[in-house]
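Undergrad: If you want the building blocks of each chain, they are given just below.
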Amino acid sequence: MKNTYLICRKEVRSYFVSPIAYAVLALFAFLFGGLAFFPAVRELVRYGMQAQMQGQPISLNDQIIRPLLGFASTISLFLIPLITMRLFAEEKRSGTMELLLTSPVRDMEIILGKWIGALILYISVLAMSALNISFLFAWGKPDLKPVLVAYLGLILQGGCLLAIGAFISSLTRNQIVAGGVTFFVCLILYLLSWFTQFDSGLAPQVINYLSIVTHFENFSKGVVDSKDVIFYLSMIFFSLFITSRSMESLRWRS
Amino acid sequence: MIKVEGLTKRYARTVAVDNISFEVEKGQIVGFLGPNGAGKTTTMRVLTCFLPPSAGTANVAGFDVLASPLEVKKRIGYLPETPPLYPEMEVTEYLTFAGRLKGISSGDIASRVDDVTGKCALGEVRNKLIAKLSKGYRQRVGLAQAIIHNPEVLILDEPTSGLDPKQIIEIRDLLKALAPDHTIILSTHILSEVEHSCERVIIISEGRLVAIDSVANLTNRLRGSESVSIEVEAAAGKPAPGEVQVRLEQVSGVSRVVAKEPRDSRLTFEVESLSGRHIRADLARSVVEAGWNLSELRPVGLSLEEIFLQLTTAEKKNEPKAAEGGKK
Chain A
1 MKNTYLICRK EVRSYFVSPI AYAVLALFAF LFGGLAFFPA VRELVRYGMQ
51 AQMQGQPISL NDQIIRPLLG FASTISLFLI PLITMRLFAE EKRSGTMELL
101 LTSPVRDMEI ILGKWIGALI LYISVLAMSA LNISFLFAWG KPDLKPVLVA
151 YLGLILQGGC LLAIGAFISS LTRNQIVAGG VTFFVCLILY LLSWFTQFDS
201 GLAPQVINYL SIVTHFENFS KGVVDSKDVI FYLSMIFFSL FITSRSMESL
251 RWRS
Chain B
255 MIKVEGLTKR YARTVAVDNI SFEVEKGQIV GFLGPNGAGK TTTMRVLTCF
305 LPPSAGTANV AGFDVLASPL EVKKRIGYLP ETPPLYPEME VTEYLTFAGR
355 LKGISSGDIA SRVDDVTGKC ALGEVRNKLI AKLSKGYRQR VGLAQAIIHN
405 PEVLILDEPT SGLDPKQIIE IRDLLKALAP DHTIILSTHI LSEVEHSCER
455 VIIISEGRLV AIDSVANLTN RLRGSESVSI EVEAAAGKPA PGEVQVRLEQ
505 VSGVSRVVAK EPRDSRLTFE VESLSGRHIR ADLARSVVEA GWNLSELRPV
555 GLSLEEIFLQ LTTAEKKNEP KAAEGGKK
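Residue numbers (my numbering), protein chains in the order written: chain A, 1 to 254; chain B, 255 to 582.
You may find that some hints are simply not true.
[As the list claims (entries may be wrong)] SDA-like mimics (lysine to any residue), calculated; alpha carbons at most 25 angstroms apart, straight line:
1) K328(B) / Y5(A)
2) K389(B) / G377(B)
3) K328(B) / M1(A)
4) K2(A) / D362(B)
5) K328(B) / M108(A)
6) K382(B) / M1(A)
7) K2(A) / D369(B)
8) K382(B) / M108(A)
9) K389(B) / I423(B)
10) K389(B) / E412(B)
11) K2(A) / L320(B)
12) K2(A) / S365(B)
13) K382(B) / P19(A)
14) K2(A) / F317(B)
15) K430(B) / E406(B)
16) K382(B) / S244(A)
17) K382(B) / S14(A)
18) K328(B) / S244(A)
19) K2(A) / E344(B)
20) K386(B) / G95(A)
21) K386(B) / A23(A)
22) K280(B) / E406(B)
23) K382(B) / S94(A)
24) K389(B) / D362(B)
25) K492(B) / E550(B)
26) K145(A) / I230(A)
27) K382(B) / Y22(A)
In short, the hints are calculated from the structure, not lab data.
With the hints as extra help, turn the sequences into a complete structure.
TA: Following this line, the structure appears as structure tokens:
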């Protein structure tokens, strides 16, 4: 436990002393704030008044916050590779892996520490969006609960993709390769739900189930379905487990 | 303290270490010597639980590397070939991280960091980023990291590479100071390094153990006959080189006298004895009785370089035959 904490703290620190954290935060702030939040609020002001006059006030939750957080979930798919690419690849390249693997620390403690560190950066990225959303609370009266549930979904989805990214990073000593492959995998997982949109049958259903995005939909509606939670948690466990296998194989191959 | 039996490490196509056995006693400094690619680093990595052995056992401080790696790791300090440093950290911060990872409690860590920064002469750079340090300092930070938890066994892969002569001497002294209660294995390609700081030498070549002995014994073992360098001072052309050579050849037990180029009117000869004969006393008496000035009489041992070459090239001569046998 102590070792996990040490490694996690080291990861978070090295994110924030390197430009990576700031690049990710700035990119997200620009994409989310500039391209989604600002136009959404402008539309809200314009149509909000019309709707008010027609006696049908728009729902902040359904019409503004939900699509915004859906957008956040999509952007995060593309930020994940930036966060995870260096996790193991960098340590392998610079030789610091030797320090970790010859210290009295279990492999799983290293992996968990790194994953939690990455998750903390991801959560701080999400916090940027929460900053924007909080303005809606200042001037409107949206429901808090569905927003929190959506954030829970975002964190679970992110945790899942981060675990996959960590695994891919553990396969190579080249950060760029790790980042590229992770991006590709994220893209596939994102597109899986599209492929199966016009098809129904067992195979498309299975593929659809594997799509990371499908499981976020319920969360974005403010619904916590145990099916989705289990999907995310099991994906996280599975990915972290194969990461530990991959680290084990490092010892046999290197 | 360290016991290795039949250790073998195979990679996909190559055998990096082939059936090596050796033992190291507590408090010894052992030099690990071999040409590049001989399997030094691989053996060290097995001892530090970084790599598992393909066959054989390795036992460190009473714990097997496969059965209880965590216990072994607690008792080992390891400096890999490239020091495992995080460039974005400051020296103290890095040492704190490494020390905590190795199980030092948060209460003791500050004093341990102070201790090793002192020992490794890192005081001036303690608050500098590792990325800004020179190679020599990085090497020392790596060493500090290896000794921070006061391990029973120290495994150092080329600890003096990249250091200037003054720093090398400092590291040597540091290792000697650590020796009484630490067992140290160090690998190096600088042979004089071994002569200076190690009590025992393990020479491996192409994955196989070639020799394991003390430095003095190795030198003796390979030196059948005694070889002496003798220097006679000449003044005003006397004695003539030929005269000296003849007189030296007459000493009993001498098999060969080779005259060297005279320098500053000093005549130098290299005298070889018949095997098993001690000739130094007789040589000295012979020169002095002739009324000449004996200015130097020095046994010429085989240097470690020569021993090393002899052992590793002898190994190579046998190699083609073995390889052919394998193909058939």
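Undergrad: A separate judgement is required for each hint: does it hold in the structure or not?
TA: Against the structure, the hints come out as follows:
no., hint, in the structure
1, K328(B) / Y5(A), "holds, 19 angstroms"
2, K389(B) / G377(B), "holds, 16 angstroms"
3, K328(B) / M1(A), "holds, 17 angstroms"
4, K2(A) / D362(B), "holds, 15 angstroms"
5, K328(B) / M108(A), "holds, 17 angstroms"
6, K382(B) / M1(A), "violated, 30 angstroms"
7, K2(A) / D369(B), "holds, 23 angstroms"
8, K382(B) / M108(A), "violated, 32 angstroms"
9, K389(B) / I423(B), "holds, 16 angstroms"
10, K389(B) / E412(B), "holds, 13 angstroms"
11, K2(A) / L320(B), "holds, 24 angstroms"
12, K2(A) / S365(B), "holds, 20 angstroms"
13, K382(B) / P19(A), "holds, 19 angstroms"
14, K2(A) / F317(B), "holds, 24 angstroms"
15, K430(B) / E406(B), "holds, 14 angstroms"
16, K382(B) / S244(A), "violated, 34 angstroms"
17, K382(B) / S14(A), "holds, 16 angstroms"
18, K328(B) / S244(A), "holds, 21 angstroms"
19, K2(A) / E344(B), "holds, 21 angstroms"
20, K386(B) / G95(A), "holds, 18 angstroms"
21, K386(B) / A23(A), "holds, 23 angstroms"
22, K280(B) / E406(B), "holds, 8 angstroms"
23, K382(B) / S94(A), "holds, 19 angstroms"
24, K389(B) / D362(B), "violated, 29 angstroms"
25, K492(B) / E550(B), "holds, 17 angstroms"
26, K145(A) / I230(A), "holds, 21 angstroms"
27, K382(B) / Y22(A), "holds, 23 angstroms"
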